[in-house]
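Residue numbers (this note's numbering), protein chains in the order written: chain A, 1 to 266; chain B, 1 to 266; chain C, 1 to 266.
Read the hints as simulated data drawn from the structure, not as lab findings.
Predicted model only: the values in this text are computed from it and were never measured.
Glycine included, C-beta positions come from ideal geometry on N, C-alpha and C.
It cannot be assumed that every hint is accurate.
Pairwise CB distance ranges (calculated) [unchecked claim]:
1) A:Lys246 with B:Val147: 50 to 60 Å
2) C:Ile107 with B:Asp48: 13 to 23 Å
3) B:Asp158 with A:Gln214: 47 to 57 Å
Now the stretches of chain C that chain A is said to cover, found in silico as 3 or more residues with beta-carbon under 8 Å [what the hints assert, rightly or not]:
4) 32 to 41
5) 62 to 69
6) 135 to 143
7) 173 to 185
8) 188 to 201
As a list, the in silico DSS-like pairs of lysine-lysine whose alpha-carbon atoms are at most 25 Å apart [unchecked claim]:
9) A:Lys168 with A:Lys117
10) A:Lys161 with C:Lys246
11) A:Lys246 with B:Lys161
12) B:Lys246 with C:Lys206
13) B:Lys151 with B:Lys161
14) B:Lys145 with B:Lys161
15) B:Lys151 with B:Lys117
16) C:Lys161 with C:Lys145
17) A:Lys151 with A:Lys176
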Amino acid sequence: MADKRQIVTLLTDFGTSDYFVSSVKGAIFCVNPNVELIDITHAIPPQDIFAGAFMLRNAYNIFPRFSIHMAIVDPTVGSARRPIIVMTDSYNFIGPDNGIFSYIYQIEQVNRVVEIKAEHYYRSPVSSTFHARDIFAPVVGWLTKGVDPTKMGEVIEDYVKFNIPEPKEFGPNLIKGHVIHVDHFGNCVTNISENELTYERMDQNKVLVINNQQVRLFCTHYAECPDGQPCALFGSANLLEICIPKGSAAHTLGANRGTEVAIHFA
Amino acid sequence: MADKRQIVTLLTDFGTSDYFVSSVKGAIFCVNPNVELIDITHAIPPQDIFAGAFMLRNAYNIFPRFSIHMAIVDPTVGSARRPIIVMTDSYNFIGPDNGIFSYIYQIEQVNRVVEIKAEHYYRSPVSSTFHARDIFAPVVGWLTKGVDPTKMGEVIEDYVKFNIPEPKEFGPNLIKGHVIHVDHFGNCVTNISENELTYERMDQNKVLVINNQQVRLFCTHYAECPDGQPCALFGSANLLEICIPKGSAAHTLGANRGTEVAIHFA
Amino acid sequence: MADKRQIVTLLTDFGTSDYFVSSVKGAIFCVNPNVELIDITHAIPPQDIFAGAFMLRNAYNIFPRFSIHMAIVDPTVGSARRPIIVMTDSYNFIGPDNGIFSYIYQIEQVNRVVEIKAEHYYRSPVSSTFHARDIFAPVVGWLTKGVDPTKMGEVIEDYVKFNIPEPKEFGPNLIKGHVIHVDHFGNCVTNISENELTYERMDQNKVLVINNQQVRLFCTHYAECPDGQPCALFGSANLLEICIPKGSAAHTLGANRGTEVAIHFA
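Here chain A stands alone, though its shape is the one from the complex:
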């Protein structure tokens, strides 16, 4: 049997119609051709750091331990924005220090955050516009070869975190959150988790209101809901989703990222 190949995931806003993603892969292979590269997605809307952070949140922890997660949504190449490696017990994350790892900081025990400074690991010359290829990719290559992340630069403490939007409780009978992601099927993923809508409260009489429309069906499986009916359930991201089986909840309800979602208990 062959040895286990190091897994590297890629998450960017590069799209797939240009050469950008392939250049990152090629640059990794130049350092270590014996790597398994997995695309998470490259369809993050351009410069949408929150969307990238949220997608990474949902994707990273299914991967085998010691995978490396590369997340590049980076509107300010060439600025003072620092390239960093975020080290946890299970994974290393690499990307720009612009908040894209905010969910990781919230969820994981972070051991160290390293600002990448070891230029001898970079491609030469480093272009002024494509650091994913010229800095991040070769550094990833060297990480997969076993170079310790702390050899790549200096530990920092002041890394950038954005505030993760949390739902709010207004007394015992009202929770307000909002849609933070509309997925490929038109499901509206909210920021309401089982922390707010606990197991006990799932049994209470309640109504969800989104865009002035009421959703009264709370389900555990898509198959419980009648086709075409909006329903709410906890999806694979462990967040409350509004979905319409065989339809698009976002389209039918006129909802988008940012749309408010309120749950009223009787």
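Based on the hints, put chains B and C in the right spot on chain A.
Leaving out everything else, chains B and C in the frame of chain A:
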């Protein structure tokens, strides 16, 4: 030389803008990181089982023997719909028992269909909405490690087949079929095969009518047709296609999946 | 450690919603399953040979030496168009002889161009419409197994090159070029390189005019430009790009491929 890695193909309606596909891959790698994963497509229209079945028909048999084909278009996660493995001499197919393997049942000699029930091979816990990640992916992982499919559950006979839409012959001078797929280039793939439009009949005087428009050119290569002219030829799926070289037949002829196609012989 | 796997890149106009790309990969794996396949892009507009050639130009040379680059944008399958292998010191390129390698001929020292004729390396039978799967893919497979390209056919000299569109200088104070690519972010990539806009001239007083709009900011990094302001800089393709940080230059300026770009020096 390294050993041959087991090939697993993936065909879904998950799109590529979410984390869904990568989660399936990550879950496979958790069981067996030494697998070669190949995307067929993830652009099957949501819940369109027929489109998934037809795409699988066109894709599966180019792959090396003993590849595993995973096909997940699954509008009813959490229902009584059963996860199954379809075993043929050359391949194992895995997906929901909702008809997505209907073409396989028609084309291949099926040795066994196994309903997957061996929960100890699943991820734990199994989510209520993402069986591709939590059931199908780990089972695929174990299959690639050599676990016999029959160890995954029980042989069933009553698996779901939909009726494959066949063209009809109306006397000796008329064949009616329809468009079953419009491809990326706008080619209109029909369900008319060489069974109906035999080699001998290709030589007969005939006209194809689609959407009230006549196609008189029957070719064997795209290059035989003048640019911009609709023509009919047998394409790579071994089905009659209407195409317009350097144009889109679907757009020009106003044709879609379902559009009737008639061939009149003189 | 496992051996280094041969890297093969794929660049096509096949899209990703059909089985086409996967069929090419499957056909390669049938010959050699121990290959690393990397997609450059499959979103080249149908039959747009120039776009394919330009994308290949930007992508190929990041890959490790001895990678094989497969580029298939091929409006005339079945015509007299020849399948070829272009051999350079660092790479082999394989695709149709329709000009798609024009930039390679300009940039690289080409050692030989071989017309592929060795039919015993093809799939059997060869379909009339899908040579990427039936001719190019198996030949690539055999190349990765070490078959010498010259064994695949005959050396030719009269391979097809299109004229690469070059900017023109009108006296010492005017350069005219045009947009040759609009990328995923809406950046307008021109054909103006550092050959025309030399390091010395970057310091001169100058204005760029595109679609009757003036661009006066010439930068070296995206981060130097104020958000929303059009600026010009040399991008990762080593060509002058007009971009709008956190916006789409193409959209804002109404520019497309072909739009004229003039630089006037004071």
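Going through the hints against the structure:
Taken as a hint, the range 50 to 60 Å is violated for the pair A:Lys246 and B:Val147, whose Cβ atoms sit roughly 34 Å apart. In this structure, C:Ile107 and B:Asp48 break the distance hint of 13 to 23 Å, their C-beta atoms being roughly 44 Å apart. At roughly 40 Å, the beta-carbon separation of B:Asp158 and A:Gln214 lies outside the given 47 to 57 Å, and the hint is violated. Check result for the segment 32 to 41 of chain C against chain A: holds, 5 residues qualifying (beta carbon to beta carbon below 8 Å, three or more required).
For the segment 62 to 69 of chain C, the proposed coverage by chain A is satisfied: 4 residues have a C-beta within less than 8 Å of a C-beta in that chain, meeting the threshold of three. With 0 residues carrying a beta carbon less than 8 Å from a beta carbon of chain A, the segment 135 to 143 of chain C misses the three-residue requirement, and the given coverage is violated. A stretch counts as covered by a chain when three or more of its residues have a beta carbon under 8 Å from one of that chain; for the segment 173 to 185 of chain C and chain A the count is 3, and the coverage holds. For the segment 188 to 201 of chain C, the stated coverage by chain A is not satisfied: 0 residues place a CB nearer than 8 Å to a CB of that chain, which falls below the threshold of 3.
Only pairs whose Cα atoms come within 25 Å are accepted, and A:Lys168 paired with A:Lys117 is rejected, the gap being roughly 40 Å. For the suggested pair A:Lys161 and C:Lys246, the alpha carbons sit about 20 Å apart, so the restraint of at most 25 Å is met. Of the pairs offered as hints, the one joining A:Lys246 and B:Lys161 holds, with about 20 Å between alpha carbons and a cut-off of 25 Å not exceeded. For the hint pairing B:Lys246 with C:Lys206, the CA-to-CA distance comes to about 42 Å; that exceeds 25 Å, so the pair is violated.
Proposed proximity of B:Lys151 and B:Lys161 is supported: the alpha carbons are some 24 Å apart, at most 25 Å. Restraint check for B:Lys145 and B:Lys161: not satisfied, since their Cα atoms lie roughly 29 Å apart, outside the 25 Å limit. Only pairs whose Cα atoms come within 25 Å are accepted, and B:Lys151 paired with B:Lys117 is accepted, the gap being roughly 9 Å. Taken as a hint, the C:Lys161 and C:Lys145 pair is broken in the structure, with Cα atoms around 29 Å apart against an allowance of 25 Å.
Taking the CA atoms of A:Lys151 and A:Lys176, the gap is near 45 Å; set against the 25 Å cutoff, the hint is violated.
Checked against the numbered hints listed earlier, the structure breaks hints 1, 2, 3, 6, 8, 9, 12, 14, 16, 17; every other hint is satisfied.
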